Each structure stands twice: as C-alpha cells, then as structure tokens.
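**Student:** These are the residues of each chain, in order.
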Amino acid sequence: MHRNSRLRLSSLARIGWLPLCLLLAACHIDMYDQPRYTANQPSAFFEDGRSMRPPVPNTVPMTAEEPDSVLYTGLENGELAIELPVELTAELLEHGQSRYNAYCAPCHGLSGEGNGVIAYRGGFQVPSFHQDRLRTVAPGYIFDVITNGIGRMYSYANRIPPEDRWAVVAYVRALQLSQYADVDDLSAEERQQLGGQ
Amino acid sequence: MSAQVFPRTANALVWISIIGIGLLIGGIVAALIGLYLSPWYTDVGVVQPQPIPFSHKHHVDELKIDCRYCHATVERASHAGFPSTDTCMSCHSQVWTTSPLLEPVRESYRTNESIVWNRVYDLPDFVYFNHSIHVAKGIGCSSCHGRIDQQQLVSKAQPLYMSWCLSCHRDPAENVRPRDEVFNMAFDPQSLPRAEREALVQEYQIATDGRLTTCYTCHR
Chain A
1 MHRNSRLRLS SLARIGWLPL CLLLAACHID MYDQPRYTAN QPSAFFEDGR
51 SMRPPVPNTV PMTAEEPDSV LYTGLENGEL AIELPVELTA ELLEHGQSRY
101 NAYCAPCHGL SGEGNGVIAY RGGFQVPSFH QDRLRTVAPG YIFDVITNGI
151 GRMYSYANRI PPEDRWAVVA YVRALQLSQY ADVDDLSAEE RQQLGGQ
Chain B
1 MSAQVFPRTA NALVWISIIG IGLLIGGIVA ALIGLYLSPW YTDVGVVQPQ
51 PIPFSHKHHV DELKIDCRYC HATVERASHA GFPSTDTCMS CHSQVWTTSP
101 LLEPVRESYR TNESIVWNRV YDLPDFVYFN HSIHVAKGIG CSSCHGRIDQ
151 QQLVSKAQPL YMSWCLSCHR DPAENVRPRD EVFNMAFDPQ SLPRAEREAL
201 VQEYQIATDG RLTTCYTCHR
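Protein chains in written order, with the working numbering: chain A, 1 to 197; chain B, 1 to 220.
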C-alpha cells in the first residue's frame, strides 16, 4: 500500500512538467529582449538617455582618404574645388539623380527651379539653379552648401555621405546644362526633332 | 442476479463525455491558434501611441517626400535610420513653426533631449535583419511595411512570423521588383509576369541554392 502510493506520486511528478511547459511557453521575453542595445534604443546608463553614442570631439573617420581632402571638404588648398574629386561617369550622374530626387527635390524641385512641393506648400522662395550666379559657381561651392547648409537650408551632411554629395553636385551641373544648352551644341538630328533648321 | 451499478444511459454518457472532451481540447487549441494570429497578440493594424501624431500619408503620399529623406541609412546600414530632430527641423523650422502638435520637436531641438518614439516593428533580438541588403536586392518597402504611405498613424502590416520570412526566402521571385521601384509604394511586384521576376532574381544574384533558408542566415 505504502509502496503503491509512492509509485503514484512519482508518476504524477513525472508528468507534472507538462502544464509547466504551457506556462513557460508564454515567457520568452528573456531571449526576445536580450541585455544589449539595438539602434535608437533608449538607455538608462548614459546621461543623455541615448544608447547611440556620438563620436567624441575631434574624432577622425578611418577612411582611405585624408579627412581634409577635397573629397570630404570640397576645398582644394583652401579654395572651393573647381574639379570633381570623383570620376564623372553616367553611373555617377544616375546615382546623383536618385539622391537629388530624394533629398533636394522637395524644395529645389525635380528640375532645380526652386519649385518643389515643400517650397510651394510652405510658401517660401527657393533660388533656382538656373541663374548666372549658380551656373558659374565652383562645384566645391555646391558641395559646401550641401555639407554646411546655407540660409534656411540645413546641413545634409548627416544624411548624404561625401561621395554621394559629389554625385549630387554632378547632377545639379547636368540639370543646369539641361536648361541652358546652346542650340549649336545639338546634332543635326536633334535639331530636326526640335522642328528647326 | 447482482444489481446493476450503472444505469443504461451510462453508455451514452461515456460517448458524450469522450466526444465532449475531444471537442473541448480541439476548441482550446483552435482558440490559442486564433489568439496567436489575432491582432491582440501580433499588433497588426494596431496603432501605437506616439509623442507626435506623425502622418506618413501626409508626408509621403501628399508631399511626395522620398522614404530616404528621413530613413537615410536604409541603403547603407542594417537599420533604416530613424530621423533625428534635426531632420524634422530641416523643414519644420520653416513650416508649421507654431503648431502645438510639433512642440515636442521644437523642445527636443532646444534642449537636445531625444524624442522617445515607440517602436512599431520590433524583431526579437535573436533575429538578424539588415535593411540594406533587402533594398539592394530589389525588395520594396511596401513588401514588408504595407502601404505605409496610406497610413495616417503607423501600425504593423505583418506579424513578422518566421514562416512569413521564410516564404520569401524560399521563393524570392514572388516579391522581387526592379531596383528603381523599391521606394515606390504603389508598385505591385505581382504586376510583373513571373518570368520577369525570375530574371530579376538572376540579375540581382539572389541566392536560390538554399543559402537563404539556413538557420544561420537570420539566427547568427
């Protein structure tokens, strides 16, 4: 009798973990939220409440180019660069177009006339790229404006990496050319399409 | 003749209880599966409270702002990039400058305190996910995030179950699209014939040899 009841108890204990499994199945937060930070996660450890740490002042990026090179500053010997520090290719222009349409077109407009949706809806004046002053500035000037902002335009340096900024510079130049081409530069065939001589 | 311990109806009762218990267990299992798939558990379509009632419909659909204007690292990093207060202010220093709804943004800009938003898509920490590779291989934003350009307030479009991830990793041709349509929310991959999408899988060199479905593709 005594032996029998002990047997029954142990067999009960043996299947006792089954309901426990069901209970534990809902407790998975330990591995779902591991004790490490993911991007943009708030932190109780750092004073500013951010887990993403800003680089300490005067941090120099580990890149192939010198941090004060034309590629990163738009300056050549202290002067605004007049040459692109990257090779001008069709791919570069295409890349510049996608960057321009994403970051610049809201205000500057798809054609660079300063008539983007935000400028129009917000009711503020954005200079057109198709004016003599901007047609003749050095490419380094456009790079500098994207990097540091100008007037009410904020800096876009944290959103557009330097290589991409040069692609935008090239594309802005292409836009300017597209609105300021001389009819003599066209081939006979293209002039035919214009319905001209 | 000994007395009958059980009445005749006991036979029927046995069957009724067996079937009843079976139905009960089946019902409980069905209810649990239902709960598991329901928005109560998955949060699909459930709007999360946010400090600022930001509308993707207004900014994306009406103002035609590109996804990358705010989610700037989506092509370069694993994380799509959450816009900083500076990004908001690059427009809102000029427009809606006195709106009380935007006061938390201005306050954050003045005080340098972060705005704390509530995460909508929260993958478990044991899942490795990288935005940039999906974008580079022609998977559009809307394939996972749904028509976020039509949402006033953001809610999840997918429960993010593993079976859903795997369905695409097993057959990427179902959801692949041309790279220049990735940020076009209105584009539907199914509008392309299957053969063209299979050609895109080839062109973009998306692995179809089973590499995308090994455990360590996502659990690393």
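Treat the hints as calculated values from the structure; they're not laboratory data.
Predicted model, so just to flag it, every value in this text is computed and none were measured.
Where hints are given, some of them may not hold.
Said to hold, decoys possible - Think about it this way: if two alpha-carbon atoms lie no more than 20 Å apart in a straight line, the pair counts; the simulated SDA-like pairs of lysine to any residue are:
1) Lys137(B) <-> Met153(A)
2) Lys57(B) <-> Asn40(A)
3) Lys57(B) <-> Gly122(A)
4) Lys57(B) <-> Ser114(B)
5) Lys57(B) <-> His95(A)
6) Lys57(B) <-> Arg121(A)
7) Lys64(B) <-> Tyr32(A)
8) Lys64(B) <-> Ala39(A)
9) Lys57(B) <-> Ser155(A)
10) Lys156(B) <-> Asn40(A)
11) Lys57(B) <-> Tyr120(A)
12) Lys64(B) <-> Val117(A)
13) Lys64(B) <-> Gly123(A)
14) Lys57(B) <-> Gln97(A)
15) Lys156(B) <-> Tyr32(A)
16) Lys137(B) <-> Gly122(A)
17) Lys64(B) <-> Met153(A)
18) Lys64(B) <-> Gln97(A)
19) Lys64(B) <-> Asn40(A)
20) Lys64(B) <-> Arg173(A)
21) Lys64(B) <-> Pro85(A)
22) Lys156(B) <-> Ala39(A)
**Student:** Run every hint past the structure and note whether it holds.
**Tutor:** The hints, checked one at a time:
At roughly 33 Å between alpha-carbon atoms, lysine 137(B) and methionine 153(A) are farther apart than 20 Å, so this suggested pair is violated. This hinted pair does not check out: lysine 57(B) and asparagine 40(A) have alpha carbons roughly 23 Å apart, beyond 20 Å. Of the pairs offered as hints, the one joining lysine 57(B) and glycine 122(A) holds, with about 17 Å between alpha carbons and a cut-off of 20 Å not exceeded. For the proposed pair lysine 57(B) and serine 114(B), the alpha carbon gap of about 24 Å is over 20 Å, so the pair is violated.
Between lysine 57(B) and histidine 95(A) the alpha-carbon distance is near 27 Å, which puts this suggested pair outside the 20 Å criterion. In summary, the hint linking lysine 57(B) to arginine 121(A) is supported, as the alpha carbons are separated by about 16 Å, within the 20 Å threshold. About 36 Å separates the Cα atoms of lysine 64(B) and tyrosine 32(A), which puts this hinted pair outside 20 Å; it is violated. Of the supplied pair hints, the one linking lysine 64(B) and alanine 39(A) is violated, its CA atoms being roughly 27 Å apart against a limit of 20 Å.
As the CA atoms of lysine 57(B) and serine 155(A) are separated by approximately 26 Å, the hinted pair breaks the 20 Å bound. A hinted pair counts as satisfied when its Cα atoms are at most 20 Å apart, and lysine 156(B) with asparagine 40(A) qualifies at roughly 18 Å. Taking the CA atoms of lysine 57(B) and tyrosine 120(A), the gap is near 18 Å; set against the 20 Å cutoff, the hint holds. A distance of roughly 8 Å separates the Cα atoms of lysine 64(B) and valine 117(A); the hinted pair therefore holds under the 20 Å criterion.
A threshold of 20 Å between alpha carbons decides the hint, and for lysine 64(B) with glycine 123(A) the separation of about 16 Å falls inside it, so the pair holds. For the hint linking lysine 57(B) to glutamine 97(A), the alpha-carbon distance of about 24 Å lies beyond 20 Å, and the restraint is violated. Of the supplied pair hints, the one linking lysine 156(B) and tyrosine 32(A) holds, its CA atoms being roughly 18 Å apart against a limit of 20 Å. Our distance criterion of 20 Å between C-alpha atoms is broken by lysine 137(B) and glycine 122(A), whose separation comes to about 36 Å.
Using a Cα cut-off of 20 Å, the hinted pair lysine 64(B) and methionine 153(A) holds, with the two alpha carbons roughly 19 Å apart. Restraint check: the Cα-Cα separation between lysine 64(B) and glutamine 97(A) comes to about 16 Å, which is no more than 20 Å; the hinted pair holds. Distance restraint check for lysine 64(B) and asparagine 40(A): the Cα-Cα separation of roughly 26 Å exceeds the 20 Å cut-off, and the hinted pair is therefore not satisfied. Between lysine 64(B) and arginine 173(A) the CA atoms are separated by roughly 24 Å; this puts the pair beyond 20 Å, and the hint is violated.
A C-alpha spacing of about 32 Å is found between lysine 64(B) and proline 85(A), which places the hinted pair above 20 Å, so the restraint is violated. As the CA atoms of lysine 156(B) and alanine 39(A) are separated by approximately 19 Å, the hinted pair is consistent with the 20 Å bound.
The structure shown violates the earlier hints numbered 1, 2, 4, 5, 7, 8, 9, 14, 16, 19, 20 and 21.
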